[in-house]
Amino acid sequence: MTGSSGGGAREARRPGAGTALERQRWLAGLALLLSLPLPLTGVVTWPVASLFAAVAAGVALSRRPLSPVPNWVENLLAPLVVVIVVMAGGLRFGILRPVAHLAVLVAAVRLPGSAQPARTASFAALLTLVGVAGIASSTHVSLVVYLPVVLSAVVLAVARLELLGLAGKLGGGRPADWPPARLVAAAVLIAVAVAAPLFGLLPRLRSPFAAGVMTGGAVSGFRETVSLNNIRSVQVSRARALRVVLEEGEEPPGEWLRLAGATSQSYRGGLWAQGHRGRDRLLPGSGGELALGEEPASPRRLTVTVEKPSDRIFLPAGATRVLLPERVPFWRDPQGSLEASRRLEGGFSYSVVFDPARVILPPPNAGDLEMPEELAELRPYAAEVTAGASNRTAAANLLEAHLRTAFGYTLEWPLDAPFSRDPVAWFLFEGKRGHCEFFASAMVLLLRSLDIPARLQTGYLGGEPDGAGGWVVRDANAHAWVVAYVDEGWRVFDPTPADGRPAFASALRLPPWRLTWLRVEEFWDRWVLTFSLVDQLELARQLWERAASGWRRLALWLAGVVVGVVLLVVGLALWRRRIPDGRVAAVRDITVRAVDRLRREALRRAWVGAGVTPRQVQQVWREHCPEAGASVEWLVATHEAVRYRGSPPPGAREVRRRLRATLRSLPPARASK
Amino acid sequence: MSGRTSRFSLAFPGFSLTPRRALWVFVLATPALAAAALNTGNNALYLLLSLAMGAFVASGSLSRHTLRHLSARLVPPAEAFAGAPTPLAIQVRNSSPWLPATGVVCRLQGLPGEALIPPVPARGVATVTLTTAFPRRGRHPLPAVRIEVRLPLPFFLKAVVVRQAGELLVYPRRVAGPAARWATLGEREMQGMGPTAVRGAEVQQLREFRPGDDRRDVHWKQTARQQRPIVMERRERRRPSRFLVLDRELPRRNDATLLARFEDLVSEVATAALDALRRGEAVGLVLGGSVVPPGVGVAHTRGLLERLALVEAVGPGEDPLPPLAATGAVYRLAEAR
Numbered sequence: 001m002t003g004s005s006g007g008g009a010r011e012a013r014r015p016g017a018g019t020a021l022e023r024q025r026w027l028a029g030l031a032l033l034l035s036l037p038l039p040l041t042g043v044v045t046w047p048v049a050s051l052f053a054a055v056a057a058g059v060a061l062s063r064r065p066l067s068p069v070p071n072w073v074e075n076l077l078a079p080l081v082v083v084i085v086v087m088a089g090g091l092r093f094g095i096l097r098p099v100a101h102l103a104v105l106v107a108a109v110r111l112p113g114s115a116q117p118a119r120t121a122s123f124a125a126l127l128t129l130v131g132v133a134g135i136a137s138s139t140h141v142s143l144v145v146y147l148p149v150v151l152s153a154v155v156l157a158v159a160r161l162e163l164l165g166l167a168g169k170l171g172g173g174r175p176a177d178w179p180p181a182r183l184v185a186a187a188v189l190i191a192v193a194v195a196a197p198l199f200g201l202l203p204r205l206r207s208p209f210a211a212g213v214m215t216g217g218a219v220s221g222f223r224e225t226v227s228l229n230n231i232r233s234v235q236v237s238r239a240r241a242l243r244v245v246l247e248e249g250e251e252p253p254g255e256w257l258r259l260a261g262a263t264s265q266s267y268r269g270g271l272w273a274q275g276h277r278g279r280d281r282l283l284p285g286s287g288g289e290l291a292l293g294e295e296p297a298s299p300r301r302l303t304v305t306v307e308k309p310s311d312r313i314f315l316p317a318g319a320t321r322v323l324l325p326e327r328v329p330f331w332r333d334p335q336g337s338l339e340a341s342r343r344l345e346g347g348f349s350y351s352v353v354f355d356p357a358r359v360i361l362p363p364p365n366a367g368d369l370e371m372p373e374e375l376a377e378l379r380p381y382a383a384e385v386t387a388g389a390s391n392r393t394a395a396a397n398l399l400e401a402h403l404r405t406a407f408g409y410t411l412e413w414p415l416d417a418p419f420s421r422d423p424v425a426w427f428l429f430e431g432k433r434g435h436c437e438f439f440a441s442a443m444v445l446l447l448r449s450l451d452i453p454a455r456l457q458t459g460y461l462g463g464e465p466d467g468a469g470g471w472v473v474r475d476a477n478a479h480a481w482v483v484a485y486v487d488e489g490w491r492v493f494d495p496t497p498a499d500g501r502p503a504f505a506s507a508l509r510l511p512p513w514r515l516t517w518l519r520v521e522e523f524w525d526r527w528v529l530t531f532s533l534v535d536q537l538e539l540a541r542q543l544w545e546r547a548a549s550g551w552r553r554l555a556l557w558l559a560g561v562v563v564g565v566v567l568l569v570v571g572l573a574l575w576r577r578r579i580p581d582g583r584v585a586a587v588r589d590i591t592v593r594a595v596d597r598l599r600r601e602a603l604r605r606a607w608v609g610a611g612v613t614p615r616q617v618q619q620v621w622r623e624h625c626p627e628a629g630a631s632v633e634w635l636v637a638t639h640e641a642v643r644y645r646g647s648p649p650p651g652a653r654e655v656r657r658r659l660r661a662t663l664r665s666l667p668p669a670r671a672s673k
Numbered sequence: 001m002s003g004r005t006s007r008f009s010l011a012f013p014g015f016s017l018t019p020r021r022a023l024w025v026f027v028l029a030t031p032a033l034a035a036a037a038l039n040t041g042n043n044a045l046y047l048l049l050s051l052a053m054g055a056f057v058a059s060g061s062l063s064r065h066t067l068r069h070l071s072a073r074l075v076p077p078a079e080a081f082a083g084a085p086t087p088l089a090i091q092v093r094n095s096s097p098w099l100p101a102t103g104v105v106c107r108l109q110g111l112p113g114e115a116l117i118p119p120v121p122a123r124g125v126a127t128v129t130l131t132t133a134f135p136r137r138g139r140h141p142l143p144a145v146r147i148e149v150r151l152p153l154p155f156f157l158k159a160v161v162v163r164q165a166g167e168l169l170v171y172p173r174r175v176a177g178p179a180a181r182w183a184t185l186g187e188r189e190m191q192g193m194g195p196t197a198v199r200g201a202e203v204q205q206l207r208e209f210r211p212g213d214d215r216r217d218v219h220w221k222q223t224a225r226q227q228r229p230i231v232m233e234r235r236e237r238r239r240p241s242r243f244l245v246l247d248r249e250l251p252r253r254n255d256a257t258l259l260a261r262f263e264d265l266v267s268e269v270a271t272a273a274l275d276a277l278r279r280g281e282a283v284g285l286v287l288g289g290s291v292v293p294p295g296v297g298v299a300h301t302r303g304l305l306e307r308l309a310l311v312e313a314v315g316p317g318e319d320p321l322p323p324l325a326a327t328g329a330v331y332r333l334a335e336a337r
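As given, the protein sequences belong to chains A and B, one line each in that order.
Residue numbers 1 to 673, in my numbering, belong to the letters of the first sequence in order.
Residue numbers 1 to 337, in my numbering, belong to the letters of the second sequence in order.
No lab work stands behind these hints: they were computed from the structure.
Among the hints, a few may not be true.
[What the hints assert, rightly or not] Partial chain B-side listing against chain A, Cβ under 7 Å, derived:
#, residue
1, Asn42
2, Leu47
3, Ala55
4, Val57
5, Pro97
6, Pro100
7, Pro154
8, Leu157
Here a beta-carbon is modelled for each residue, glycine too, at the ideal position from N, C-alpha and C.
Kindly generate the complete structure, drawing on both the sequences and the hints.
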């Protein structure tokens, strides 16, 4: 990969080898910098990213320009690259991940020798592809720091290499010259200042997704339909799903932030299906109110904002009343889930009144005990686990505890899971590991095998404070759990082990810095990550409404803007007319103009005729306006010095000041006549 | 990284823009990035796109700022010969109050010569010397200086042309020619130039001052001692009569070949004069009807070179030579038949 040392030494002695070495180091350094987010975001696996980083580090530390890998070695490496891409998952996780793997591996092969001018462009293109893939799959707030750092490095590298190239071509300069820090800092600051409003103005025609899809794997997040065979690898996404605000100043128990979006009853071969049979159409009342149950004795209230387009209403288990923003018809299925008749745009809010002590669902029916025949083997297993349980509640508790302790949690779908085997049976008897949907599915079916009615619910659990009194619920908080009918009522069970249950962060226990950081993250999530067309339209609407609400203020505002623009234009014009120091020709013009102005004034007052020299102008001014003598003398002398002696020009401001002083000292034209 | 520049450039009031390869890469890559952002709705891509466009704006405004605050002043050399490498000093001034100028290249307009200017600090001056060559003798306006700025990002090469006040007299080309041809003038022509004898250095005797004596010959010590003006009487020397004679008359006017050959003649005369003057020999010059008496010294050398730098060919009979003692030693063009 690094070529022969003899050849490298010869190359190092060649003219321009210093430039090549420096270019090589910069390219390798940029490669290291750009590869940073790749493994963190999951678009490239750690082994591949580490391999790339190792090659980049080796090239960066090399003391001589490296030769490209010989063609025959590249040909040998090509199948190896393909094998690594396939081993890292191939096309199983979408197209982006293998493409990113391919780009990274090809970049690693082409990095040695990339400093050669003929190869730099192609390598830079590869590097750009790698960088874009890494940035596109990043969702962390640190991107705000990372992007300016990358821009600084790019500006520094490009400017430095440009200087080296110029010095090599033209001579002059010094090889040690670096672009000034002020230039780099100013470039980054201006770029960021321009980028901020541009980011807000660029049209969003698609709903934003924050992460996940670009990572090439499936994403954690709410799904109406649970399919145990298809989830594959799961990436934890920080995309915002909901924002929940409870009644003023209330710190909820973590369990209150369990919001169900779908309740499933029918299980077939790894798929929990939601039938449309028996659905009720509900039309909210005039205030958008939708009654779901009896009013509780001590009601609690929370407000939910759904951040992404959705047709689901996420409700706590004891929801009795929902206040919706508009009169959209809803479907309520026999399992108790609410679904809007059309997809609602992200950002809609609704309020829920609920009873935290109850789980309100339609009563159990035969469907809650349905079990596929091929899962008969679950009965003895469930009986064994629940042996000694005195009642249904105890049995359910035993099953919950057993699943939590005897099974492992993982986000990876095991590659050895056979498609011919039922996923729940495989999970219980062979795999012994899986994600929350496996645990919940297994518990529902085990409960049903004991004739306990049970359903699977999916939704969100937990969240973190947003620093502004609410809780942010992210895609990573998506979860599945169980509702079982025990002791004449529905009750929630969560068989997933603790390390697989989304966490609830209490605002009360957080230190102030953590709250501040949460506010930063909240801002980032709200105004960058999930910024959408809806936000753009909403901002425009608010601006319009504010403007329309007070036309006088609008008129004033517009007048202010017009005045500001006029002032800006005038200021800019004056600024542009300003004569920079050292521009001899331009300053000469202004001294000529100044003397000519004196001449015209003298002509207008009939002090002189046409065709006079500057000295004659000076003479007549001295005669007719003695108090201006010094200024006139200075102007004429300066004009002559600049024009004929090659003296350094004065500042334009000084010339103008003297001219103004001279003209002000003139008597009125009539009086002089 | 992207050093190549394209051939066409755009002229704006006060400066010109020449796109570079990085611009085309940017022009192609940015829409692709925009399409990706638009198609996926990925806000990280929007962020990257915004920053890329911001970097473009930043580069443009900073390079324009740098260019607007740069000025160049050419310092002409003490002497310049046509065709010979001539060092020219360029003073580059940066009037920006805060931004140093780096990667600035200065080129002479219409002449060879370019140089990378060392970093010019804010409100500072940097001087660099570049080597150029003037193709012809004669009076040349000082060449304009083209200031080029490329940084911080090389999307464009931005340039401004700063015109220079003043002009430069370029002496004739120095050539390795044949031996000099010397001529002498007749007695009458020499008399027209004033006394044929010059004041010698050797003192012959001391005598009392007479009206008409040169005051430089007053012997001040003896004058003080004797209380009357005493002068030194010097032995006179004959004025040397060695001339280089250039006939300005061409057989035909406005003939390019003859004019080119005339330039060669001027170069030969100038070279011969310089060689002799450097050896300390007195040299006179006859250019058509005008005669410069023989002399030595820096001022005389400069005078001869200036005349030779400005001499122009004329048509037949327009500027005849004075009578010469040795007519064969004239630098003259004659058509071979």
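Hints violated by the structure (numbers, ascending): 5, 8
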